[in-house]
Amino acid sequence: MPAPPNELETFPDGWGHRHLLDLERLSPDEIRLLLDTAARFKHATDGCRRKLSVLTGRTIVNLFFENSTRTRTSFSLAARRLGADVVDFTASSSSLSKGESFIDTARNLEAMGVDAVVVRHATPGTPHLLAQQLGVGVINAGDGPHEHPTQGLLDIFSIREHRGDLTGATVGLVGDIAHSRTARSNLWGLVKLGAKVILCGPPTLVSPRWREVGVEVSHDLDAIIPRCDVLNLLRIQFERQNTRPFPSVREYAHLYAMTRDRLKRAKRDLLILAPGPINRGVEVTAEVADCPQSLILDQVTNGLAVRMGVLWLVCGGRGGESAAVPRSHSRVV
Amino acid sequence: MATLLIRGGRVIDPAQGIDGVNDVLVRDGLVVAVGPEGSQAIGRADETIDAAGLVVCPGLVDMHVHLREPGREEDETIETGTRAALAGGFTSVACIPNTEPPIDTQSTVEFIHQKASRADNCNVFVVGCVSRDREGRELADIGQLVEAGAVAFSDDGAPVYDAELMRRALEYCRMFDKPILAHEEVLELSRGGVMHEGLVSLLLGLTGMPAAAEEVMIGRDIALAEVTGGRLHVMHVSTAGGVALIRAAKARGARVTAEACPHHFTLTDECLRGFDSNFKMSPPLRTAEDVEAIVTGLADGTLDCIATDHAPHAREKKMLELDRAPFGILGLETAVGLSVTRLVNTGRIGWPRLVEALSTLPARILGLNRGTLQPGAVADITLIDPALTWQVDVERFRSKSVNSPFHGWTLTGRAVVTIVGGRVKYRLHAS
Numbered sequence: 017m018p019a020p021p022n023e024l025e026t027f028p029d030g031w032g033h034r035h036l037l038d039l040e041r042l043s044p045d046e047i048r049l050l051l052d053t054a055a056r057f058k059h060a061t062d063g064c065r066r067k068l069s070v071l072t073g074r075t076i077v078n079l080f081f082e083n084s085t086r087t088r089t090s091f092s093l094a095a096r097r098l099g100a101d102v103v104d105f106t107a108s109s110s111s112l113s114k115g116e117s118f119i120d121t122a123r124n125l126e127a128m129g130v131d132a133v134v135v136r137h138a139t140p141g142t143p144h145l146l147a148q149q150l151g152v153g154v155i156n157a158g159d160g161p162h163e164h165p166t167q168g169l170l171d172i173f174s175i176r177e178h179r180g181d182l183t184g185a186t187v188g189l190v191g192d193i194a195h196s197r198t199a200r201s202n203l204w205g206l207v208k209l210g211a212k213v214i215l216c217g218p219p220t221l222v223s224p225r226w227r228e229v230g231v232e233v234s235h236d237l238d239a240i241i242p243r244c245d246v247l248n249l250l251r252i253q254f255e256r257q258n259t260r261p262f263p264s265v266r267e268y269a270h271l272y273a274m275t276r277d278r279l280k281r282a283k284r285d286l287l288i289l290a291p292g293p294i295n296r297g298v299e300v301t302a303e304v305a306d307c308p309q310s311l312i313l314d315q316v317t318n319g320l321a322v323r324m325g326v327l328w329l330v331c332g333g334r335g336g337e338s339a340a341v342p343r344s345h346s347r348v349v
Numbered sequence: 295m296a297t298l299l300i301r302g303g304r305v306i307d308p309a310q311g312i313d314g315v316n317d318v319l320v321r322d323g324l325v326v327a328v329g330p331e332g333s334q335a336i337g338r339a340d341e342t343i344d345a346a347g348l349v350v351c352p353g354l355v356d357m358h359v360h361l362r363e364p365g366r367e368e369d370e371t372i373e374t375g376t377r378a379a380l381a382g383g384f385t386s387v388a389c390i391p392n393t394e395p396p397i398d399t400q401s402t403v404e405f406i407h408q409k410a411s412r413a414d415n416c417n418v419f420v421v422g423c424v425s426r427d428r429e430g431r432e433l434a435d436i437g438q439l440v441e442a443g444a445v446a447f448s449d450d451g452a453p454v455y456d457a458e459l460m461r462r463a464l465e466y467c468r469m470f471d472k473p474i475l476a477h478e479e480v481l482e483l484s485r486g487g488v489m490h491e492g493l494v495s496l497l498l499g500l501t502g503m504p505a506a507a508e509e510v511m512i513g514r515d516i517a518l519a520e521v522t523g524g525r526l527h528v529m530h531v532s533t534a535g536g537v538a539l540i541r542a543a544k545a546r547g548a549r550v551t552a553e554a555c556p557h558h559f560t561l562t563d564e565c566l567r568g569f570d571s572n573f574k575m576s577p578p579l580r581t582a583e584d585v586e587a588i589v590t591g592l593a594d595g596t597l598d599c600i601a602t603d604h605a606p607h608a609r610e611k612k613m614l615e616l617d618r619a620p621f622g623i624l625g626l627e628t629a630v631g632l633s634v635t636r637l638v639n640t641g642r643i644g645w646p647r648l649v650e651a652l653s654t655l656p657a658r659i660l661g662l663n664r665g666t667l668q669p670g671a672v673a674d675i676t677l678i679d680p681a682l683t684w685q686v687d688v689e690r691f692r693s694k695s696v697n698s699p700f701h702g703w704t705l706t707g708r709a710v711v712t713i714v715g716g717r718v719k720y721r722l723h724a725s
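Protein chains in written order, with this note's numbering: chain A, 17 to 349; chain B, 295 to 725.
I should point out that these hints are in silico values taken from the structure, not numbers from a laboratory. Be aware that a few hints might be false.
Unchecked claim - With a Cα cut of at most 20 Å, we get these calculated SDA-like pairs of lysine to any residue:
| no. | chain 1 | residue 1 | chain 2 | residue 2 |
| --- | --- | --- | --- | --- |
| 1 | A | K208 | B | V494 |
| 2 | A | K283 | A | G180 |
| 3 | B | K611 | A | A138 |
| 4 | A | K67 | A | G99 |
| 5 | B | K611 | A | S117 |
| 6 | A | K212 | A | D245 |
| 7 | A | K208 | B | L493 |
| 8 | A | K283 | A | E303 |
| 9 | A | K280 | A | P308 |
| 10 | A | K208 | A | A239 |
| 11 | A | K67 | A | D101 |
| 12 | A | K67 | A | A55 |
| 13 | B | K409 | B | E367 |
| 14 | A | K67 | A | S84 |
| 15 | A | K280 | A | A239 |
| 16 | A | K280 | A | P293 |
| 17 | B | K611 | A | A55 |
| 18 | A | K212 | A | G180 |
| 19 | A | K212 | A | G184 |
| 20 | B | K611 | A | Q148 |
| 21 | B | K611 | A | G297 |
| 22 | B | K409 | B | M469 |
| 23 | B | K611 | A | E303 |
| 24 | A | K280 | A | A302 |
| 25 | B | K611 | B | E367 |
| 26 | A | K67 | A | E82 |
| 27 | B | K544 | B | A534 |
| 28 | B | K611 | A | Q149 |
| 29 | B | K611 | A | T121 |
| 30 | A | K212 | A | D285 |
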């Protein structure tokens, strides 16, 4: 359980990765370790409010090829709370608009001597390609609809804070599963920790093939609500859809919005999460978003704890004297 | 008179039903005779190649090659592409007209012929555009292109989208007895896609291209071929459903032929898990069941031939994010090795069928006077070492590009001598 601040001197044995790219390829123990580390930092920073100096001298770059406010801010704050320097690099202000490739952009930043790269990109796999090319740690802050591991971890962290062990818990992920990186990261983390996962939404957004990885698929929210201990309401990603996968927002909300009426049929201790930004009235009504069972604001605070832990692990648990020396590049893929 | 004797190889010529140890005598660029050592027709020669232990077959024909010239010389040129062809054992390639400008005029066909003649590597047969400017609106001047030497017609890179235009093309080409080579894809269904739509694309969050996108279009074009009596050749068949449609059409007597690419009988969509753009091509890598159907289709003749869809892209173009990187994979220099390793050495097809798929049938489909070692035939001959095990090294490719996911693979079977018009144009280790 949460350790006193001086225990942050001890780097955990179970972490052997240089990057955090996805949760699919992590073991249950590694996911527990990430969550436990987050808990240690939440405790050590007095609920993510106090500053530490465990990453003093380190430089973290936020390399965002896709717009984001909350995730970037959360990573920046987390890094600063640990004493690291933070550089923000966004695609709009960069040479990408001049035609530079993402690999060249990242290599340039690496050559300037950064210790870890937090990357967001609209294309799945881009953090993985960067990890092959760069000599520094890469943290995936969302790669298209693929994964968003820190979001998955913070959702699970928030659930765990309220109910302890996840084994046997039934978690419904509702909405735009097809285009949701949050859904994929949640799914892997939850399944590995022994939770039962139900994906719920229209067939155009929830493929029956998800059953092949051991989760339940439902198209009927009303049918699954009474069985769920947790509902995670995912945003409709209008920007990622070729053609709209349902007739109208009104019809979608009619079938899948979490309303007060639906809440009445849920377990009394149902927990409600939404990874935000939420479309009030589409995935969830305002009264449900603000109800006592809603963990939406806990999620934001816990995001800091998770990201502090991840940055600390990826930086090897130490501050640095000077900037890291870039390693020689491996062969271009 | 220059004579060349190829001695003691396993001569396979499906067109004549020959498969046995024989000598081949070549004079003045033509095959004179095939026969056992010492037979009457085989005399002395100026030059002799010892082919003991080698397969000797009619020169290989790749009916689906993107030479990129004119317009994309940073990816490949006629000179480099034809050198790559020779190194792969191909004595003839058919070049696909999605160049810039596209091959839709007599002068562009002439340009290709001149460049190929200057390169003096393998034969280059020109595929002309179905539609003017490859825009899919009206027919190109097909009759004039035939006069200039075009052997088939295709808008490959894209489907002929307008069903009526496709119908007219099939109908019009009947008077020249030329096939339409069709890229089959319903674009609305594959829009934004980078890989096969299936479990892997679902897990990776990558936009998928469903098998149905290919199969719906194959179905349409078979119906149009049947209604017009035109000759349809389905390019790069990649799905089990596509194979089934073609099998049924052939059983009904439709004038349909088809090809499969080595990557489609070797790799699956699982390869995309590493997000490497060298695995990105169109049609995409499908599932293990599809691979099995392609192999079965090649074995039973539903899929007539093997073609590579050799699609070079300069290094920097493939170094992009998966959705921005172009579709395409090199094929010429790995086709024989992959075919021998995946089809012959696994016992799925025999050598005669392999030679048929790589030479006899593509030549027949395109109406070329190639693909056989009959007396009087042009002496395009490939010698393959069926037991040679080698490692693929893209840095040693003759192609100008390196976009092959097979780098580092160990393959068995490789062309060791490639003879075009009676002249040895390529010798492994001698170049």
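Hint numbers not upheld by this structure, sorted from lowest to highest: 10, 14, 16, 17, 21, 22, 23, 26
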